Each structure stands twice: as structure tokens, then as C-alpha cells.
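With the hints as a guide, bring both chains together as one complex.
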Amino acid sequence: MADALETSGEPQLNEVDWADRLEDLRLAIAAPLRALHAPLDQWLDSLPMWVAQVCAIGLFVVAGLWVLTLSRDFVYLGSPTKSRWRDLRLWSIALLLPYIAVYWWLGR
Amino acid sequence: MPDEIVSVGSASSLAVIDIAIIVAYIVGMQLVGIFYSRYVHSAGDFFLAGKALPFWAVGVSIVASDIGAIDLITGSGAAYRHGVAQANFDWIGSVPAVLLAAFIFLPYYWRAGVYTIPEFLGRRYNAGVQWLQAVIWLAFMAVNVSLMLWMASVVLNTVLGWSPPVAIAVTAVLVGLYTVTGGLAAVVMTDVLQVVVMFVGAGALVVLSVWDAGGWSRMSQTILDQPGTTPDYFTLMVPHGAQTPYPWTGIVFGLGIVMSTAYFVGNQAILQRALGARSEWDAKAGMIVAGFLKLLIPMLMFVPGIAARALYPDLAKPDSAVPTLVRDLMPAGLRGLMFAAFFAALMSSVDSYLNSWTTVFISDLYSKFYRRVAGQPLGDYHALGLSRWLTALLLVGAALFAPVIGRFETIYVALQTILSFFQGPTLAILLLGILWRRATGWGGLFGLVCGVFLTMMLSWLGGDVFPSERPFLFVSFWSFWCTLAVTVVVSLLTKPEPPEKLRGLVYGEVLRDPTAQALLAERMRTGDG
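For the record, the sequence lines run as chains F and U. Going by my numbering, the residue at position 28 of the first sequence is 28; the numbering climbs one at a time, nothing skipped. Going by my numbering, the residue at position 222 of the second sequence is 222; the numbering climbs one at a time, nothing skipped.
Next comes chain U alone, as it looks inside the complex (with noise of 0.2 Å):
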């Protein structure tokens, strides 16, 4: 992927304008990070930004993790192969997730005091299924910072000359200034930047290239009359029997129904910006402004690929229809800004895995651990002096670790295949263990395995079960299915919990039994997970 972005031009090929526009860019987001430091007086607000996020920081933030700098290179190579199907991933990928994610996920988040997806799996299934769920996800942003900062030291090497070294660590101390001192709440307000300087940078590049394409007509007839495209490229909807990897089917009943869902309740980073909002109805708001974003996101990513695709019919790489357009198009200036664009898709990436993985490891692996040992819950100084120190290791081992994954990106690939086995079977058990009395420990275990199993199973056997080469979206829909059965079997086979256990841990009881939520509250007092 590095190389797409180094095609876009050299340092040599920026005017000093361009360069002026990228250090000012940097220097805005250092200032911007360390002004928000000075509220980080305790381990919530480090986390949670001290639950004062107002809704458009949260909806704004939501949407700058979830773009990151592969989506603008892949997103537009994908609309320049396969056409506007691909915009379903923005447009019925979030939407509806987006409202059940608002009004069913978030108020019962915000009421019970969750800080991570695992943590409520854990209280209301058993540790394995915590810990199994901590790990997977420890492991994927690890890796994910990893991949973020080699990918950020080939922009830094293409626009300044700097060697890669030099621009990891150059990479990681811009970020990790204002992550380690200022928390969640410099990651987010850092975000908001990013995301105009984003929408800017890729706006101009829309408008460029469907001006040079001869306006939107022209364009599509052009691409139509090109041999080999299909009538279905301007369709969202993609006949079922289609050699596509988006059918109409997959699109509606596996995208739309359970990818986005999972994506929008299960995913830590989309999730803590969300419950650091300043009240419910701020987490609420803060996700419909995500849906609203994520309205315009296929037009900043998608008509570019589509726009090339009509400007250069024969590209051999796809993925380089976007560094295409911006060497070819761009004048000086707005190139420098869009390099800024893909520095800050960067950025944002990096910032808001740093913050979540601190989170998930303290407080799913480490604070089990302390309290087992020291007999007493962990106290808020030395959460957030912890905080602190790890984000700082975790940057300084991703920085070490960055040129092995620019060596071997299939470490990347296989640990994002192994998240992705998990999204259908954990959409489920979420599900089940909030809508579900009944539903029991041994119930999520078995469910989740099984699940797991499946869509592994299903992705091996690939397009000899399913009428797609890449039966992505059927394998998750088969996944969730399969896993609600499994859990909805085995609890009701297994002795019910205890009313106790689930004391605060149920939807309805988490919304409106005032018992609960006062039990909750001393929960959060003492620290008892």
C-alpha cells in the first residue's frame, strides 16, 4: 500500500507551499493536543475525556477513527473496479447501525458503567470470553499502530526525504505528545481537525476530477462506452448471481444488518468517544452527526476512483487511481494539502488505537490482575500514571516493531482476518446477553466458539458454498444466525444465572429499576467489575 502513496510525487515535486501547508498542519495539531492536556486530572478523564465531549466532537471524532488512511487508497481503487456499489459500505453500512447503536447499545453502556465491549462480556458471561475478546483486540490495534507509523514514515520519506527511522520516531513523538498527556480528549478534539483538513484536502480533489472529466454526464457515458464495464456500475444494487463481491443480497442482509452493527456496538474506538460524551443525550446525538458524516464520505472517496476511472480506463494497479489524480491534477498548494489529508487519515488512526488499547488492557487484563494481588481495586492515580507510561511503551514497541510490518504485511492481513471471524458471533452474544434473561455463561461460550468456527469454516469453503468469489457478507450473516442459535440452544439446555449476577446487567433493568442503577453506581464506586 506504501507504494500507492509514494507514486503521488517526491519531495522535489512539492513547491515550498506545499511544505509550509504540512508543517503548519503538524505544528496545529501539536498545539490543539497539548491545550487539552491541561485537563487530565484523573484516570476517567484520561479515558473518557472526563465525560465532557460535547455531540459534535464525538460524531466528528466517530468518523475520523473509522477513516483512516488505507480507506482513502483502497476505497477509491475498489469504486474504480467494481463502481458505486461500493458506497453501500458508508451509506446502508452505517445507517441503521448507527440509530441501534444510539438508542438500544449506548444508553445501556452509558447506564451500566461499561468501559469496553470485553468488560461487559466478561460480567455477563464469564472472564474467558473477556479475556479472549481483550486479547484479539490488544493484538489487532498493536499491529494497527505498527502498520499505521511505517505507513506514515513512507509519506514523511516521499515528501521531506527523511529515512524511514527518522520519520517513525519523528511520527511517533508528534502523536504520542499529545495522546499521552491529553488523553481521550486530545485525541478527539485532534480528530475534528483532521477530519476538515480530511474533507478539504479530499474535496478539492472531487471537484478537480470531475471537472477534468468533463462534468458527472459525460463522465458516466464515457465510462459506460468503455468495453468490459457493466450496466450495474452506477447501481448500489447488484443482482444476486452478479460476479461481484457486493450482491444486492450481501449488501442488504449481511452489510446492512450485521457487518455495520458489529462494527458500531462492538468496536472499542468507535465506542469510547461516545461514552466520553458529556451526557446521554450528547453519545446519542454524537452518533446520528456520524451518520450524517458518513453520508458524504463515498463522494470524497469513491468519485475520485470513479472519475479516474474515466480518465485512465487502463490503470494496472487500481489502488493508485487517487496518487493518479493528485499528481496529475492537483496544483501546488492543494497538493501539499491533501498529502496533509493523508497525514492526518494517519493520525487519527493512531491517536484513537492508542487510547483504546491502553483502555482495554487496564482495564480487562490489568486491573483483574492487581486486584487478585494487591486484594484492593486500583486506585485512579495509579490508573492514569499507568495510562500514561503505556501508551507511551506501546508507541515506542510500535515504532520498533513498524519496519516488520512494512516487511510483512500478512501479519496485518491474517490478524484482521481473525477480528473479522468474530464480529457476526459477538453482534449475538451482545444481543442476547443484554435483550435475554435467560441467556447463560456456558450459552456465550459455546455460541461465540461455534460462531467463531463457522465463519472460519464458511471462509475456507468460500464460492463453492456461496454465488460470490468473496462471500464475505454471506458468511457473516450465516455466522450470526448460527451463533444465536447455538447460544439460545445451550442456555436453555444449562442451569439459569443467578438473579443476582444479572443484577444491573439487563436492558431493561439497566434502563428503569433504580435498584440496579444504584447498584451500578456503587459498582463504579468500589471499582468491582
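Okay, chain F solo, but in the shape it has when bound (with noise of 0.2 Å):
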């Protein structure tokens, strides 16, 4: 009883080795994914920033460009009328002018 109350408040030495173990294991797994990704994380950093915003204004570029080769059936089921401004294609489209602006001006 009285070694376990003069030993309680500092780690035991099984948990320092585990603890241990359990890091060593993590370095070891880190160490080939990270030269996995290393040449990789290499040539991320070495790309000019405009690619950045590039790739941020082309993500919404196709996503516009697919939805205008959505038949106009399938944008218009369920709507009652046929009008011009229940066209989901030009809804998806205005929603996607104001964020490519803001990439635009915002995006490096």
C-alpha cells in the first residue's frame, strides 16, 4: 500500500515504455509514407500560386459546363410550368459567377 501511494503520482515504468513503443511505431509507419509524399509535397510547393487559382475557378468552370449538358427534361421534373427563370441550368450558373469572381479576386 505504501509503495503503491509513494510511486502513484509519477508514470509507471510500464507506461513510459508503452508510451515509448507506441511512438517508435508511429515514426517507424511516418517514415516511407512520408517519403511517399515528400516528392510530391515538392512539387505542390513548387507550383506558382495563379495554379492555385486556377485549379479553385476550373472546380467551378466544370462543374458549370456539366450541368449546361443537363437535358432540359431532367432540370424541369417536378416543375409546373415550363418557364425561363425555373431553368436550373441558369440558376446554377448565376450561383456560380459570384464565387468565380470572388476566386478571382480573392484567390491569391
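A hint or two may mislead.
DEER-style ranges, computed between Cβ atoms [claimed, not checked]:
| hint | chain 1 | residue 1 | chain 2 | residue 2 | range |
| --- | --- | --- | --- | --- | --- |
| 1 | F | 87 | U | 332 | 43 to 51 Å |
| 2 | U | 27 | F | 18 | 52 to 60 Å |
| 3 | F | 80 | U | 35 | 23 to 31 Å |
| 4 | U | 418 | F | 31 | 25 to 33 Å |
| 5 | U | 456 | F | 46 | 29 to 37 Å |
| 6 | U | 35 | F | 87 | 43 to 51 Å |
| 7 | F | 46 | U | 438 | 34 to 42 Å |
| 8 | F | 68 | U | 131 | 46 to 54 Å |
| 9 | F | 80 | U | 229 | 47 to 55 Å |
| 10 | F | 68 | U | 35 | 36 to 44 Å |
Chain U side only, calculated, beta carbon under 7 Å to chain F, not exhaustive [unchecked claim]:
| hint | residue |
| --- | --- |
| 11 | 84 |
| 12 | 92 |
| 13 | 464 |
The set of hints was computed from the structure by calculation and includes no laboratory data. In this text the structure is predicted, and so the values were computed from the model without any measurement. Just so you know, even glycine gets a beta-carbon here, dropped at the ideal spot from N, CA and C.
This is how it looks when you write it as C-alpha cells:
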């Protein structure tokens, strides 16, 4: 009992041992993965920042082009009328334009 | 987190007009909620608002469920620390995703007659995947309700001086009254009013804070002149190797492609509103309306954080940015409105999770159990009564558990972390399950397990593998692709699913084949999941 009280405030030898082993294991697993990812990181680091802006805006542009390929029947399905303002392709383009402007303005 | 809300002020710092505004807001919510309870006559009315919601209500309610009181505080705190890049989470983190949800996933869910994501996964893969997903979501949503009730008690304690038990009980009764009686319709319509309150309150704070900081140009120059501010503070795209949690590669590929899509097509609370729309067109349009509103969210949440950086460059806790601005800048009347906005954000999250919890519990667990024991599908009257009782029971349980969650927030953080492990892998098996006939039950199960395991391992390895200290964006990207690869390989190595099992579950059939449509209608009629 007295021994237990004396040592209760400090980590037990086994606990320290396990923590060290776990950390060793973590580093051992991380090393090869880091080696795999490092060349990719170096390449991405070397890219100019306009590439980032192009990728972000490209995501919106690709989404917009894809929406434009959707058929008229599909986007109007369930709509009571086929008036122009209910064309969800136009809604999507109207949605994307301000996002493209924001990423153009604040993208780099 | 409640400490930050407490620091906004106390009951003594609020004028009579502030308290009048808060009381008027609470009474208004109740009246709207009770009004819509007249329309609930069946389980379908309760879960999906009788499929009668207009597109604008769907869109606004999606944003209300998405933005919680915690986001109002932590979003501005993160903007204070990291700058404009934080806005990516609402901009590129929502818009390509809402279009994918609107034009691929929603039409599919709509026509397949699916109530929940676990339900689809169970039909397409196997019961194991369904149960795993359902249990994780149920645990997360229940703890979330408890945490929100605790936060509401802190707000009410601060504003009105009520003790935490009384404040929790009052909040539970207020939210419970319209959620139990009105179901999804009441939840969505009160969400609409709550968003109006949030936008007016937070909008007033934006104007006052930028005005006090000397306008946008002067404010940005003040921040850029501060020692320690990087030139990237006012850009959305931050270099890949920069010391930030938000490098552009993670933002575009991790957030823009994987995490945001997983959120908008896999989150039950989001999905349920769209499925309650009055037509497929309204469901799609609702998603696009949510995209329009998300454009404004960063202005409301992050501009105050940036203004606080100019006005108070040495805040010890960045999360206290908004509370400090409210305390120092907002006059009587507007301060009450801001408290109402906090409370609106809390209530809109609590009611959404209550309704979704009941839907998942009954659709994915109880109805299966009942069918096995009773030998017949769950009746509509039975399901409606049970839904109301379950909502009330969950609310009572969450209220009793709230003080525990308040003391041990690590429980919530742990559950949120576990749920995040499932996001990328779930998106991968959802995509393959819908678009690829050859995906098998074993493929889905192996893919999910391997993807979750990889996510856990990469999160553990963290900064030793990736350039960022908090590499969650990279982790989600790789876990998505790993799950996709494992599911494809295992599916090709296992026996294909029989055509009769896939009937009405693969994209082309669900959207175009009239025979499959008839089968789905029959399945919905008989309750055969």
C-alpha cells in the first residue's frame, strides 16, 4: 500500500515503455509514407500560386459546363411550368458566377 | 465554448428592450411551430413534412441546420487567427457540392424512395453497413442535442439569470413543443425565421465592426501592418507548404471535392429537408438556394473576426472575437437581437437533429426489428405515435445528460472525430453503390472498414506525413481514394450481386426504367426495405 502511494504520482515504468514503443511505431510507419508523399509535396510547393487560383476556378467552371449538359426535361422535372426562370441550369450558372468572381478577386 | 458566450454580457448589461426582443423571438417561434403542427396526420407528414415544402424553405432550412451557434463563435475565431482562407469552408466547401447533390444524388434518393443514407447503404450493400452508419449517426446526433441544450442553458443563464437546470428544462420544452407536434414542417418553417434573425443580428455586427475599424481598406492595412501577420492573410489560396491548416491543395482537392460532397450528400439533417420538398424540382432548387445563401455566410461570420483582429490585435482567446465586439460595439436593442441570433442558431440545430434522430432510429433500426418480430411492416399510425414519443424521450434524455456533456466536452469532440473518420469512405461507397452495378456487399464493407482504418491511421501520423500540422483535408482526400480502390478490387474478386437485388438501386434504372420505378412504388407501399 505504502509503495503504491509513493509511486502513484509518477508514470509507471510500463506506461513509459508503452508510450515510447507507440511513438517508435508511429515514426516507423510515418517514415515510408513521408518518403512517398515528400516528392509530391516538393512538386506542389514549386507551383506558382496562379495554379491554385486556376484549380479553384476550374472546379466551378467544370461544374458549370457539366450542368449545361443536363437535359431540359431533367432540370424541369417536377416544375409546374416550364418558364425560363425555372430553368435550374440558369440558376446554377447564376450561382457559380459570384463564386468565380470571389476566387478571381481573392484567390491569390 | 460557453465561456465565450458568457463573456458577451450579463443580465444586468441588457436593457429592457433587449429582453423584450428575446422574449418576442421565443414566442414567435412557438406560434409558427404550433401553427404547422395542424398539418401532421401521418408518419410521412412527421418525417418529410408530407412532401410539401417549397424550394425556398428547403434552401433556407439547409443553411439553418448547417450553421450552429458554435460556428458563429469558432468561425470568427478562426478568421481572426488565419484570415480570409477560413471562408473557403463555406465557399468552395459548398458550391460544387450542392450542384452534385442537386443533380446526381437528390434525384436518385427522391425516386428510390429513400428516407435515410443508412437505409440506402443497407439496401445496396448489407445490413452491417446500415447498422454501423445508423448507430454512429444516432450517437453523434444525441450527444449534439445534449451539448446544444447545455449551451442554451448558458445563454439563458447569462441573459435572464436562470439556473442551468431551469434553463435546460425551459429550452427543452420550447424546442420540444413544436418539434414533437409539428415534425419536419414546423422545424423547417421555424428554421426560416431563425435564419432571418441570424442574418439581421450578424449583419448588424458586420456593419458596426467594419465601420469601427475605419472601413475595409483601412482595416486591412491595419492588419497587414501588425507584426506577425503574413501577406496570405487576405487571400483564399495559401501556399501548399505554408504553416497553416488550410493549404490550397487541401482546400481544392480535400475540401472542394471530397469533404464538402460527403457533407451535402451524406448528412441526414441536410438530406431530410430536401426529401421533404413538394417536388423533385423544389428539392433541386432548394439545394441551389442553399448555395446562394452560403455565399453570404463568410461575410457574416468571418468579417467580424477580421475586424476584431484590427480592433483588438492581442486577444488571448481568438474565439472571444465576436463576444468582445458585441459587448463593446452593439447598442441596446441590437445586443438583444444578437442574443436572439445565438439562440436561433442553437434552436435550429437542436430541432433538426431531434427530427433526424427519430427518422434514422425508426427507419433503420426499429422498423426492421418490428418487421422481424411482428411479421408485418410498421403501420403508419404506429410510426407517427412512436416518432412523437421518441422525440420527447430523446429530449428528456438529452436534457438529463446535458450537464454531463457540459462538464466533459471531450465526449462530443471524440464522437465528432469518429464521425469524421467515416466521411470520405462513406462518400466513396455511396458513389460506387449508385453508379457502378458491379460493386458488391463485400466490396462495400471491406472498402468502408479499410477507409476508416486508413483515416484513423493517417490522423494519428498527422504532421509526420503531411506538411500541415492538422492534415484533415489531406486525410479525407486519401481515405476517399483508398476506399474507392479497395471497394473496386474486392468487388471484382467477389461474386456479382444478383440483378434482382440491384433492381431500382442503380442510377440509370432508378432514373429511367419504368419497371424499376413501379417496383420502387410497390416497395414504398408495402414498407419492404
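Hint check:
Separation of residue 87(F) from residue 332(U) is about 47 Å and conforms to the stated range, judged on CB atoms against 43 to 51 Å. Our hint of 52 to 60 Å for residue 27(U) and residue 18(F) holds, since their Cβ atoms are close to 58 Å apart. Between residue 80(F) and residue 35(U) the CB atoms are about 25 Å apart, so this pair conforms to the stated range of 23 to 31 Å. Between residue 418(U) and residue 31(F), the C-beta spacing of about 27 Å keeps the proposed range 25 to 33 Å intact.
Under the hint 29 to 37 Å, the C-beta atoms of residue 456(U) and residue 46(F), about 31 Å apart, fit the expected range. Under the hint 43 to 51 Å, the C-beta atoms of residue 35(U) and residue 87(F), about 33 Å apart, miss the expected range. About 39 Å separates the C-beta atoms of residue 46(F) and residue 438(U), a value consistent with the hinted range of 34 to 42 Å. Our hint of 46 to 54 Å for residue 68(F) and residue 131(U) is violated, since their Cβ atoms are close to 41 Å apart.
A beta carbon spacing of about 53 Å between residue 80(F) and residue 229(U) agrees with the range 47 to 55 Å that was offered as a hint. Between residue 68(F) and residue 35(U) the beta carbon distance is about 41 Å. The supplied range of 36 to 44 Å therefore holds. Given hint, residue 84(U) at the interface with chain F, holds; its Cβ is 6 Å from that chain's nearest Cβ, closer than 7 Å. Of the supplied interface hints, the one on residue 92(U) holds, with its beta-carbon coming within about 6 Å of a beta-carbon of chain F, less than 7 Å.
Proximity of residue 464(U) to chain F holds as hinted, the smallest CB-CB distance being about 4 Å (cut-off 7 Å).
Violated hints for the displayed structure, listed by number in ascending order: 6 and 8.
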